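Visitor: Listed here are the chains, written in short residue letters.
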Amino acid sequence: MARPAWQRALGVQRVAFVLLFLSTLLIVIPAVAIIGTITVRGMGAVSWEFLTTMPTKGMRAGGIFPAIVGTLELVSLTVVFALPIGIATAIYLTEYATDNWLTRLVRLAIVNLSGVPSVVYGLFGLGLFVMFLGFGTSLLAGALTLAIMILPVIITASEEALRSVPKSFREISLSLGASHWQTVRHAVLPFAIPGIMTGTILGIGRAAGETAPILFTVAAFYLPRLPDSIFDQAMALPYHLYVISTQIPNIPASQRYGTAFVLLVLVLSLNLAAVILRARFRRRRQW
Amino acid sequence: MVSEAPAAVTMAAQQWSVWYGTVQALKSVTLDIRSREILGVIGPANSGKTSFLRSLNRMNDMNPAFRYEGKIALDRQDIYRELDGQTVRRRVGIVFALPLPLPMSIRENILYGPRLRGERNRARLEELVERSLKAASLWEEVRDRLDSSAMKLSGGQQQRLCIARTLAMEPDVVLFDEPCSGLDPISTAKVEETMVQLKAHYTLVLVTNNTKQAARVSDRVAFFLMGELIELGSTEVMFTAPRDRRTNDYITGRFG
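These protein sequences, in sequence, are chains A and B.
Residue numbering for the first sequence follows my numbering, beginning at 1 and increasing consecutively.
Residue numbering for the second sequence follows my numbering, beginning at 288 and increasing consecutively.
Bear in mind the hints are in silico, worked out from the structure with no lab data behind them.
These numbers come from a predicted model, not from an experiment.
Honestly, I wouldn't trust all of these hints.
[As the list claims (entries may be wrong)] Taking lysine to any residue pairs in the SDA-like style, the calculated list, with each CA pair at most 20 Å apart, reads:
#1 A:167 to B:384
#2 A:167 to B:431
#3 A:167 to B:496
#4 A:167 to B:297
#5 B:439 to A:20
#6 B:439 to A:282
#7 A:167 to B:430
#8 A:167 to B:387
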């Protein structure tokens, strides 16, 4: 005898639940596997010496100091370019722009920029900054390329942060005789800063981890010294990892895992900082 | 209280009409506001009273759908043609319906306007804080915690802070947009008392949904209905012998 309909429905529900749960579980597996493997195999390779000395023996031994410094310099310079432009754009879009064809075009551009594959940014940077503008393979060219890549992240996060400031703050400020700009500067921006910072840190995390955009624009295969100006090449962690993993034979695995571990810790701690900042801000805000 | 009285200022609306998009909110309102009086503005929802109030200090400018006809004068100057919005808002302050301090300290809330106007003199700023808080009857309650967050004050205190914040700009005219709608009766009484005291030095316009409040504090009352000014007269006459039947119906609670 066939089971009644309600029992069948219950069975279907159970199956659906298990499938949904397994799918969710599936996302945890790669995260744990990646972080676990790299931590277990890479942590041992990391020492004070590994972090603070130059590579030796054709990068088969020694430290990754120049790659760490290169990445930090690259990322700092990226922020210097991306942050002012990103915030300015977000302010314009949320506080000044009216809905017209130009605004819609800008928004379309932002959405599209965030969908461009990172290797395309690399080639774009090579064409525009390295060759056309003559910056050569340099920190400057790399940082500008990365800045363009993370601009959509910063703009979107900043816009969201600005929009979350209550409309009444703007009205109050204007009613107290403030100009439009004074209102943005004193009654809107201060309350949007935490949100903007969160977005910026997420952008930095992305910039620190990308390989393709820096491949043709800044990264040096091996540089026996630190870069001495923004027109100099630099080593960077993601590219260094790529090089020692694919281009150099007979290299001890500990070098690779150590480098991967350092990169992972850098990017994950940036993301963690963003999460903590956001949580603290939400708890503390008073409106 | 307030040491130096601002110059007595009058305002006047002449055939003032307002549209939001295609919807007309005010229909050719002509009305004068006398120096150092409290003009009560009453009327049911959608009568145009708030639109009228916000016209008086150009708070409608930010609404892209806002359109107007006619003229509003502040001391004989046309505020829409001869003055810019920022200047008008500095001279005509407004207290909103909800007590909304900015999430800053009490002191910073009060000094927001004066600082942006360019006042840098410490002593003068300190004096402004004290004077404005006293004028808004809040000084005694907050004098020893000026640097604590304004968000920690009670609703009634917050609203009096908002009044103090508006007074700190040293405006000529102060507009009140249903300032007690979110307050309990005791806080309401305090705010009303404050308004009556302010009358000695300022010109006040009070929009209220509470006809009894209008009766208590206004010198004259204007009754708006569906965007039209139906009747304007002294409070006594309006509440005892209004000329228009609709005014009578409204104040006796027959509609609205």
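Visitor: Run every hint past the structure and note whether it holds.
Guide: Going down the list of hints, with the structure as the test:
1. A:167 to B:384: Distance of about 15 Å is within 20 Å: holds.
2. A:167 to B:431: Violated, because 31 Å separates the two Cα atoms, which is more than 20 Å.
3. A:167 to B:496: violated, 24 Å
4. A:167 to B:297: The hint is violated at about 31 Å.
5. B:439 to A:20: violated, 46 Å
6. B:439 to A:282: holds, 18 Å
7. A:167 to B:430: Not OK: residue 167 of chain A and residue 430 of chain B at ~30 Å, beyond 20 Å, violated.
8. A:167 to B:387: Holds - the C-alpha atoms of residue 387 of chain B and residue 167 of chain A are around 11 Å apart, at most 20 Å.
In summary, the numbered hints that this structure violates are 2, 3, 4, 5, 7.
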